[in-house]
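Dock chain D against chain W, hints included.
Single-letter residue listing:
Protein chains: 2
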Amino acid sequence: MKPISDKVIGRLARYRTLLTEQVPEGRTHLFSYEIAAAMRLADSQVRRDLMAVGTRGVPQHGYEIEALKARLDDALALDRAHGVAVVGAGDLGRALIAFLEARRTTLAIRAAFDVDPAKVNRVFSGVKCHAMADLEKVVAAEGITLAILCVPAAAAQPAADALVHAGIRGVLNFAPVALRLPVQVALEELVITTYLEKLAYFTTHPAKERRNGRHDAR
Amino acid sequence: MKPISDKVIGRLARYRTLLTEQVPEGRTHLFSYEIAAAMRLADSQVRRDLMAVGTRGVPQHGYEIEALKARLDDALALDRAHGVAVVGAGDLGRALIAFLEARRTTLAIRAAFDVDPAKVNRVFSGVKCHAMADLEKVVAAEGITLAILCVPAAAAQPAADALVHAGIRGVLNFAPVALRLPVQVALEELVITTYLEKLAYFTTHPAKERRNGRHDAR
Chain W
1 MKPISDKVIG
11 RLARYRTLLT
21 EQVPEGRTHL
31 FSYEIAAAMR
41 LADSQVRRDL
51 MAVGTRGVPQ
61 HGYEIEALKA
71 RLDDALALDR
81 AHGVAVVGAG
91 DLGRALIAFL
101 EARRTTLAIR
111 AAFDVDPAKV
121 NRVFSGVKCH
131 AMADLEKVVA
141 AEGITLAILC
151 VPAAAAQPAA
161 DALVHAGIRG
171 VLNFAPVALR
181 LPVQVALEEL
191 VITTYLEKLA
201 YFTTHPAKER
211 RNGRHDAR
Chain D
1 MKPISDKVIG
11 RLARYRTLLT
21 EQVPEGRTHL
31 FSYEIAAAMR
41 LADSQVRRDL
51 MAVGTRGVPQ
61 HGYEIEALKA
71 RLDDALALDR
81 AHGVAVVGAG
91 DLGRALIAFL
101 EARRTTLAIR
111 AAFDVDPAKV
121 NRVFSGVKCH
131 AMADLEKVVA
141 AEGITLAILC
151 VPAAAAQPAA
161 DALVHAGIRG
171 VLNFAPVALR
181 LPVQVALEEL
191 VITTYLEKLA
201 YFTTHPAKER
211 RNGRHDAR
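Chains as they are written, first to last, in full-length UniProt numbering: chain W, 1 to 218; chain D, 1 to 218.
It is possible that part of the hints are untrue.
As the list makes no split between identical chains, a pair holds if one copy fits it or if it spans any two.
Claimed, not checked - Once the Cα atoms are required to be at most 25 angstroms apart in a straight line, the calculated DMTMM-like pairs of lysine to aspartate or glutamate come out as:
hint, residue 1, residue 2
1, K69, D43
2, K128, D91
3, K119, D91
4, K119, E101
Hints listed in this document are in silico derivations from the structure and should not be mistaken for laboratory results.
Chain W extracted, bound-state conformation (with noise of 0.2 angstroms):
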């Protein structure tokens, strides 16, 4: 198969989100333009990222839902487990591992990090929390090669350069700072205090002042 751009795999994991918690009642097939109108996108938009994974709808009744996930699932590489740790166990930490057990995908959280001691060795929502110092042979022992971070600003790139010395692949921010991280590791910052600054700008500006305030870009 062809490179994905990120756009089309950030959408792309939408769509498996919309499949997977909005589906209506008693339908097997969906059609491009009601996945359309629920991501507010453009229906040839759908049609084309669909079939960049090789799917593509019958006219009379649209895509068929579960060979459409599995097909999502397979091209997301979503069909195998992928290890991931939470680093920095505190109220925002706890409670995505709360959260994400909740969920049961093949994204599995199997170890919290902290370095306070207090919490070390204490088990969140079934996770184990190890200590930082722990972090490169808990990772390899147990497969991780994602990483959520949760850490206060101050601590957040000294922890990111340990997650990358540990080989993690991917990283989820969540702690206000802009990370330096090596281009082959993958960073997605998730900066709540950023979203709500902009939501703010939005809310003392006319509607037809500003363009959709969406991601197009997931």
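Below, chain D alone, put in the same frame as chain W:
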């Protein structure tokens, strides 16, 4: 001032985060190329964005940090207070309240809401939790314009409808659901599993196959 596009606003919010969280000690000025390097953007992009809010660096010193922050606050409407509600006071909602309350920005969490009678009237990190039935009344009384939605998937659209009805103007959505909102209500979606799934893809594909995994759009 001319209307600013969604993408530029997203970047301005990120510049502001950088200037707030990551200025090297002892510096009073930053060059555009330093901001650009931290954000993985082109230098020319940074200069163009900052010119859009009426600021220019000076050749020998770059941008004066405090003046630039003040200008960004003004442009992003962060020079005034915004009332924020957290809807859904489960693990994630309560963690977000604690996280945001610790930061003391002009984005102030004024109320939480939940359907669970066991949570109503409790106080989480200094924020009182109200019944969903009182949403409209509390939103009006507290001058709330923004909402963070952390309810389960099935509850997300009804909660969003209630928020719109109560006059909320921007929604930060953590529920794994593509919300239908009127176009005049701003929406940012932070569906964590979608981001993780996107990262998972990039961990299984060599770096040369992918474009930058960061959101240029913000």
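Results of checking the hints against the structure:
In this assembly of identical chains, the alpha carbons of K69 and D43 lie at most 25 angstroms apart only when taken from the same copy (18 angstroms versus 41 angstroms across copies). In this homomeric assembly, K128 and D91 come within 25 angstroms of each other (Cα to Cα) both inside a single copy, at 15 angstroms, and across copies, at 18 angstroms. In this assembly of identical chains, K119 and D91 lie within 25 angstroms of each other by CA distance both inside one copy and across copies; the values are 12 angstroms within and 18 angstroms between. Proximity of K119 and E101 under a CA criterion of 25 angstroms is satisfied in both settings, with 19 angstroms inside one chain copy and 22 angstroms between copies.
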